[in-house]
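> Each chain, letter by letter, is given below.
There are 4 protein chains.
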Amino acid sequence: MSAGKFASAYVDRVLDPGYKNWIRLFEAYASKVHKAHLCMLSEQGIVAGDSLKRGIEETDRKFSEPGFLPEKIPQGMEDLYFLYETELGRQVGEENAAWLHTARSRNDMDGTVFRLALADRMEHFIDRAEALCRGLLERCKAGEGELTILFTHGQPANPSTTAHYLSAILLDLLEDCHGLAKALEKVDKSTMGACAITGTGFPIDRERVARLLGMDGLVVNSYQAIASSHWLTAPAQALKALMLDLGRFAADLLHKTSCEVGLYGFPDDLVQISSIMPQKRNPVIIEHLRIRAGQAMGLCAGIEDLLRNVPYQDVNEGSDAPIAQFLEAFDYAEAALDLAAATFAGMVADQARAKEIALSFGVTTTELADTIVREFGIGFRAAHGISAAFAKSGGRKESLRKAFLEKCGRELPWADEKIDAVLDPWHFVQVRTTLGGPSGTGMEAVYAEARRNLEFLKDILDSRTARLREAEAELAGAWANLA
Amino acid sequence: MSAGKFASAYVDRVLDPGYKNWIRLFEAYASKVHKAHLCMLSEQGIVAGDSLKRGIEETDRKFSEPGFLPEKIPQGMEDLYFLYETELGRQVGEENAAWLHTARSRNDMDGTVFRLALADRMEHFIDRAEALCRGLLERCKAGEGELTILFTHGQPANPSTTAHYLSAILLDLLEDCHGLAKALEKVDKSTMGACAITGTGFPIDRERVARLLGMDGLVVNSYQAIASSHWLTAPAQALKALMLDLGRFAADLLHKTSCEVGLYGFPDDLVQISSIMPQKRNPVIIEHLRIRAGQAMGLCAGIEDLLRNVPYQDVNEGSDAPIAQFLEAFDYAEAALDLAAATFAGMVADQARAKEIALSFGVTTTELADTIVREFGIGFRAAHGISAAFAKSGGRKESLRKAFLEKCGRELPWADEKIDAVLDPWHFVQVRTTLGGPSGTGMEAVYAEARRNLEFLKDILDSRTARLREAEAELAGAWANLA
Amino acid sequence: MSAGKFASAYVDRVLDPGYKNWIRLFEAYASKVHKAHLCMLSEQGIVAGDSLKRGIEETDRKFSEPGFLPEKIPQGMEDLYFLYETELGRQVGEENAAWLHTARSRNDMDGTVFRLALADRMEHFIDRAEALCRGLLERCKAGEGELTILFTHGQPANPSTTAHYLSAILLDLLEDCHGLAKALEKVDKSTMGACAITGTGFPIDRERVARLLGMDGLVVNSYQAIASSHWLTAPAQALKALMLDLGRFAADLLHKTSCEVGLYGFPDDLVQISSIMPQKRNPVIIEHLRIRAGQAMGLCAGIEDLLRNVPYQDVNEGSDAPIAQFLEAFDYAEAALDLAAATFAGMVADQARAKEIALSFGVTTTELADTIVREFGIGFRAAHGISAAFAKSGGRKESLRKAFLEKCGRELPWADEKIDAVLDPWHFVQVRTTLGGPSGTGMEAVYAEARRNLEFLKDILDSRTARLREAEAELAGAWANLA
Amino acid sequence: MSAGKFASAYVDRVLDPGYKNWIRLFEAYASKVHKAHLCMLSEQGIVAGDSLKRGIEETDRKFSEPGFLPEKIPQGMEDLYFLYETELGRQVGEENAAWLHTARSRNDMDGTVFRLALADRMEHFIDRAEALCRGLLERCKAGEGELTILFTHGQPANPSTTAHYLSAILLDLLEDCHGLAKALEKVDKSTMGACAITGTGFPIDRERVARLLGMDGLVVNSYQAIASSHWLTAPAQALKALMLDLGRFAADLLHKTSCEVGLYGFPDDLVQISSIMPQKRNPVIIEHLRIRAGQAMGLCAGIEDLLRNVPYQDVNEGSDAPIAQFLEAFDYAEAALDLAAATFAGMVADQARAKEIALSFGVTTTELADTIVREFGIGFRAAHGISAAFAKSGGRKESLRKAFLEKCGRELPWADEKIDAVLDPWHFVQVRTTLGGPSGTGMEAVYAEARRNLEFLKDILDSRTARLREAEAELAGAWANLA
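Residue numbers (this note's numbering), protein chains in the order written: chain A, 1 to 483; chain B, 1 to 483; chain C, 1 to 483; chain D, 1 to 483.
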């Protein structure tokens, strides 16, 4: 069992940190894997399960006793599993204990344990992300009547509503969530039975083990089961995609909440002050959202790049240290979700300011041009020219009338009130009934898509929950049947 | 139309390169967009299509005349589209020409043009990748009887077959191809009708335009249509995932083809020599595969990171320069596919060497341990100990017998021939009937999965082809109906 | 010479693109290397130089004849060098020609050729970057009297001057330029004489070749000369650092030039319009600066990551394809420099707007607090409290007087004019005589540092120019001495 | 002081983690900064130091009492500094305490605190890296007589020595260490006196504070002092460069230690076994070295990319959360150093195997060709052809003689012993007296360079130590002079 004394650098930098990672993050899953594996071995008539059943229960109990496991890995031990087998041997005899390791290897066992741990972390995260999206949908609905200004290239472009604005990022976030759910499928596959890399000569049932563990199938090719990195890169990419969107949203909102723009403000409980500048109110929550998203992205990219040019083999890139570091990415990402949720909930639209920007920067002149096109049947380019002249004049109606006369050869037959009505930002919003536009009609398709995506996401999460519940019952039954 | 004189740095570094990119990569798609947009405008009764129809046909003809377009962008022009509208104006009158731009903006137009170009490039690429996978499946079948050695942590671990080895990477590559097909769906969505960002007051039909363009639906929210980066990041991530796998495979195969290992060789037409070392035969094709894959990955990561902290707005990160650079990633990636195809097709298994490695490094002792477990009912750990003693002795049978006697208290009742048979690498392979293992039985599930995935991929590609063909006919019909 | 027929994928994806890269980018340097190598061989008495001298001159002449070199690499040729040796053989006899390759390999030759090409590209780039910095220094001086507002966390914080603002980024850019110059040193080292990896048994003089090539020394260890990647990663990191700063500056300036903030504007020749929104004036030059910088960064990161986990050996990551791609990074980066130069030169400060922001957002209240501390000897926290009350009141003087009375127990003995003077943003700037602060006194150290760094940079560039000129003369002399 | 109640997400995700980071990593440096700042304020006659001196001492004492600081940040507090000022106020009166914050801001204070913490971490790391290099130099010397084989493109190329091989990576590592030392200079600069961003109206002495803190000067421009990211990106790039080299070395050594190659082995205390494959001896230490290096690289890239497109302003990317994450990079990197040190020390050359590879793969045929060139004055290409024929024949001497006769028209006048001597790998090494080659003569320049670089590095570290010691004394003196 023991491999002799290891060099101290190796113990301090590899074995001991690994031992601690296993205790902290993975041991609970390992125990589940032991049980599912033993049930299958027994059902297949390969191993008699009775004494091992008692031994596993006893060893698990010991392992969970505070102080039972030494603080530091004992010399000569490679990992926690060696301690497990040693204790199991103490309970049921060494010879007997060793039967548990029939038709498996640390390769397939570790793979499945890491996948189980990662899948649970991901499910929890997707759950939170789904809640964020639900909250954001509510915020959209509450913002249907909130006038705002949307920008292109950093310049005010069109009036719109908070609902229209936020539902855009909502749909992107939902797509990201689906990406995560898709990645979870790749994680949630059993590698058990692949053994070292080629399976075994024992008549095992790989599918049974996967089912008892509540996993979503298995990695079919036994070499691929050990060598593939999709279970790491797929979630890393999916999480990065979500964080990238949050980071972009943060950059956009920072501009909208800067005091010169002032389209949205925050309540005091989300604002920091300056220790030296008495006037400052910094909505740094958005900055911290950007940073947490960025920190998560860094770790995700780190996982991807860690695998660059690493042989397509069993390699330790898929072992405890990188997995533990990857799990941290979800902590940063969850912090980003929480800050995003507080941001969405806390942001308060300043509609007077929206109107002011609309008028002073002439953002409704597009509609002026369009209305001229529609009402007088002249081409868009000419109408654009008339409106541009008006915009250039700083919104003077005489300039508009003069430009119209020049281009069309007749007087503009509109009263001043009509001009004002055409230029009203709220009018701008309401005529935009285009599918996906900001008016009530336009938003119908947006809400429908958001709801469809939310349902789809919920179904995925629910079906995993159901599968896990079922599997737990099945494992408990199989376990009871041992002996 | 003209925006005055532009600064020379701006012309040289932005406008002119953009103009050239448009001529080279995007203009053909823009013309299609003009047509679909005009058909819809006309069908909706917004614009009378007859003279514009003629104008577009004439302008397209002119644009395709060699020498018609100036080498360098003329001063005062922002982009190729301004030249298009100018020429159209010359054909049908400026007033008339401007009608074409009703209810659209360069924002939604550019978005759709870039997406169409990228989608076509991707489809072509996926097609090639699918062909690679089909070829690889054939190579697997041809390699069913080829003994090889698979490694873990760089050390020989288990005997297997070329079929088992290559089908592992095949299944991973197929998963990557599905990822690309999934990403293609996100690219293949119309943004038309989003106009600048909020749609329009004209009664347009966004779905009609999407259908005429043969796209797979539209980006619903009009702000999202312009601001989202999923159509760039999703394919970038998907392509990177595929390249990462090829890079890992290259690293693994480099080891297997190194002359000391020698499990696979290459024919002369894939091997370079040294200008100074007469004995060298460098299978650098694998290195070049790694490099092309790496260059593609770099460009993919570049696209993702380009969007870091960029405001969730209409930004020029989604314009011609980054798209053109991203398209290069597919060129590098396609080179990697070609080199991979040549590698798969060219690699020749040296089975004598496989057998030699199997015996000299004792890679079948796992099976020895397992057989002892199965035949004598002793625990795995004890059997492992007996086999380890045998391995340590350099494969001396007396050592095996002695260790068995010590552990089991009785003589090993096997003739020497039986021991040899148990240790035979091909026997090792054949008893591994585990689902997904290397034996014929084990491989059944692997082939089934590969075929299922290939069919699924083919269906996706076929359905896009069919949709495009249908759309082309529909657009031709609608175009004929104008006037 | 010929290595037989190569597989078509290999020719199309590796050999032919490589051949074209060599013709386009590297051949001129190869010729210089041939000459320096031959001079040294002859001087050391290893090879008689006369006929080879003539052969090289003739071959170079042929190579530069249009149409002499075939469009596509001929079958059986690995690279352009094989064609060179073939032609040389035609000129002076094959036997004779082969003498040129004595005591060298394509490994050390290629390394030196690539380094020479990269070093020249870098020098040209640093030259441009230095000019940008000189121009920026001029812009700082012109902006000494321009009031502006600087931000923290996206909120207005302190008044300052354009000079103070721009000289901050100037000093960072100069540091980046030094980083590039430092990296150039690592590139500019000869690998000649390392041969394949271990040098040679011929009595060569490596230092002589380095000197004749005008390089800054040599890579001492012959294995390192071939295996090291510092000559690629060091410039990649240095260039990325510069681009990162430009990108951050762009993000800052985009905010300052947004129409709601309006601290800086641009002349019409740097502004684009909208095809649909008549009022828009988009200073997208800053966006394109961000994008070019980002594209360059992507390529730099690509080079670094290309080398991840690549064996510390002679590998093709250091060959024509990655080098050619890396050279593109300098093109993008140079575009960024040009756009930055146009931006610096074009940005026009709106001082009325600066004053308005200063007053409406109370950015000078820090100075109010400080003056209260200085004049009345009360602690900073109390003074901060008084100023905060004033800021909160929207700048009403009675609130200030009331808060002062409450905190200090006496009346504020200042006339209203005194209060206004204390709050004047220009006063704020002028009292900040801190070393490195915005006042004239504060800026002295800033200018001194900028000038020192510019001189230092110029010295580096000048000394390379001088070294190259000297080497050219020395090589010409040695060449003439042959025969 | 208090800013009211903060939202719980903000407390949990930003303020409280920040508070804990400060206690764990930064508070000790903050105290030093308080002291240096107070000494300067007092020396400049701005603030009377006596009571504050007592207050700071008392507050520091309290802060270091276990249990004094609450576990979680109290509501209404932004950070640990607010608690500090509160406690200081309790000690010396609020009014009095506030004087300490005269002429500074959290901006310049935090910047300097973070830089001090990072600089100390870096110095410690460079110290370890320097020790690694010294050890490696010893390993080189011990390996002068160890024959080994070096590879190009994964194939055996030339015989050499362990000394020559390892000294190549040593010189690269030393260059990396210098890069780190260079980056440390940028970190080790004071930002004190920059206050928020523009300095102050108080007559402070920025250089005095920098000197009392033992820093290597100051960031001159006060805006740059707060906005620059060089102090983060420079060390991130430098650390990444070092890790990249270790990763490449690991990839190379993995090949050399694979059992088929077997040029180096490891003692048992660095080798892991397999739980299922009795024959396995995995030198996974090299894999873990690659992984730790990769994890560090990921964090370094994360820091760089975190700053992408972040406004050139005071941003929280330079605050506790990213700094704490960046510090982790040094932990991973130090693990990589330790594993590298154990690897260098533990690797045992198998010289019999080196000789065997040399002969069976004909790696000395280059020398055969060279000797033919030298002794018979024929061109390199012809000699190369003769040697290639010999190599192709599998080293049969008759083939060599036959080829010589064909090419040269005469018999090869060498006895068989002479041929063997020419082909002897150790002879190959010894004749390579080229500067930087593997022979004793060749290695002289290598050792000289290594020693020069080690000295230079040591000087840098020593001078920092001396400066810090001096500064400590100066601060102690200044502190004593208060009152």
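Hints were generated in silico from the structure; no laboratory data involved.
Hints should not be assumed to be uniformly reliable.
[Stated by the list, open to error] Far from chain B, by Cβ distances over 12 angstroms, these chain A residues were calculated:
#, residue
1, L25
2, M77
3, D268
[Stated by the list, open to error] Straight-line alpha carbon distances no greater than 25 angstroms define the calculated BS3-like cross-link-like pairs of lysine-lysine that follow:
#, chain 1, residue 1, chain 2, residue 2
4, B, K53, B, K32
5, D, K458, C, K182
6, A, K20, D, K458
7, C, K5, D, K392
8, A, K182, B, K458
The C-beta atom is built at its ideal place from N, Cα and C for all residues, glycine as well.
> A separate judgement is required for each hint: does it hold in the structure or not?
Against the structure, the hints come out as follows:
| no. | hint | result |
| --- | --- | --- |
| 1 | L25 | holds, 22 angstroms |
| 2 | M77 | holds, 15 angstroms |
| 3 | D268 | holds, 26 angstroms |
| 4 | B:K53 / B:K32 | holds, 12 angstroms |
| 5 | D:K458 / C:K182 | holds, 20 angstroms |
| 6 | A:K20 / D:K458 | violated, 36 angstroms |
| 7 | C:K5 / D:K392 | holds, 18 angstroms |
| 8 | A:K182 / B:K458 | holds, 20 angstroms |
In summary, the structure is inconsistent with hint 6 from the numbered list given earlier, while agreeing with all the others.
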